[in-house]
Amino acid sequence: NAGVTQTPKFQVLKTGQSMTLQCAQDMNHNSMYWYRQDPGMGLRLIYYSASEGTTDKGEVPNGYNVSRLNKREFSLRLESAAPSQTSVYFCASRRQGEVGSGYTFGSGTRLTVV
Amino acid sequence: AQSVSQHNHHVILSEAASLELGCNYSYGGTVNLFWYVQYPGQHLQLLLKYFSGDPLVKGIKGFEAEFIKSKFSFNLRKPSVQWSDTAEYFCAVISTGGGNKLTFGTGTQLKVEL
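From first to last, the protein sequence lines stand for chains Z and S.
For the first sequence, the tail end lands on 122 under my numbering, and the numbers increase by one without skipping.
For the second sequence, the tail end lands on 127 under my numbering, and the numbers increase by one without skipping.
Because the hints were derived from the structure by calculation, they are not lab data.
Don't be surprised by glycine CBs; every beta carbon is placed ideally from N, CA and C.
Among the hints, a few may not be true.
To be verified - Pulled a few chain Z residues facing chain S out of the computed Cβ check, cut under 8 Å:
hint : residue
1    : G48
2    : M49
3    : G50
4    : L51
5    : L53
6    : Y56
7    : G66
8    : F98
9    : G110
10   : Y111
11   : F113
12   : G114
13   : S115
14   : G116
With the hints as constraints, model all of the structure from the sequences given.
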């Protein structure tokens, strides 16, 4: 089925460990986004990529890096995980320039940092 | 910077009661407005969206929302809720400049009791 695929679905890390969250979409969307969801705070944008080859910081970029590997894939890396990064991470994509186009979200990665 | 406010953080209703969830945004330019729903343990799904035209927008599962430009509001309504509507609801707005970033409100947790 077409959509946004995120891996892994669950992950537990120790403080200081690194990991990469993977995201891929097969809808030929230009723009891709990483959000984190925390209770009472809604979803906050970490990084986004308006088009292949570009990335920009969102609202809460500290402690994260991203790579837009190609049009399909947009990965999020935690170089040295901290307990404050315990969250649910959602990847999303959108067809840039399409008026009224909504975002399509992946099913999320639940990350716990101990 | 744009912002989205959802004033009701937790709402508890009995089945068949009417629902109205408030949403206000701060951006004064052209807006695209969305309501997303997140059922327990699932990812976000689009309920409805507004980008132009009729300010009364109808979405899936009997939900509707009204865009009132003068009040910067986009409230979500449903005449008669069901137990299956128990979920978290997010209002969101897209900025019309720079990356089309979707900004979310903090969410409203709706619990419908039998």
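Going through the hints against the structure:
1. A least Cβ separation of about 6 Å between Z:G48 and chain S falls short of the 8 Å threshold, and the interface hint therefore holds.
2. Proximity of Z:M49 to chain S holds as hinted, the smallest CB-CB distance being about 6 Å (cut-off 8 Å).
3. Satisfaction of the interface hint for Z:G50 is found here, the shortest Cβ-Cβ separation to chain S being roughly 4 Å, below the 8 Å cut-off.
4. Interface hint at Z:L51: satisfied, since its Cβ lies 4 Å from the closest Cβ of chain S, which is below the 8 Å cut-off.
5. Given the 8 Å rule on beta carbons, the hint for Z:L53 holds: about 6 Å separates it from the nearest Cβ of chain S.
6. Given hint, Z:Y56 at the interface with chain S, holds; its Cβ is 6 Å from that chain's nearest Cβ, closer than 8 Å.
7. Restraint check, Z:G66 versus chain S: the minimum CB separation of about 7 Å is within 8 Å; hint holds.
8. The criterion of a C-beta within 8 Å of any C-beta in chain S is met by Z:F98, whose closest approach is roughly 7 Å, and the hint holds.
9. Checking Z:G110 against chain S: minimum C-beta separation of about 5 Å stays under 8 Å; hint holds.
10. With a cut of 8 Å, the hint placing Z:Y111 at the interface with chain S holds, because the nearest CB-to-CB distance is about 6 Å.
11. With its C-beta approaching chain S no nearer than about 5 Å, Z:F113 sits inside the 8 Å limit, and its interface hint holds.
12. Contact between Z:G114 and chain S, as hinted, is supported at the beta carbon level, the nearest pair being about 6 Å apart and thus within 8 Å.
13. Taking 8 Å as the C-beta contact cut-off toward chain S, the hint placing Z:S115 at the interface holds, the least distance being around 5 Å.
14. Hint status for Z:G116: holds, given a least beta-carbon distance of 5 Å to chain S, under 8 Å.
Hint check: no violations occur; every hint is consistent with the structure.
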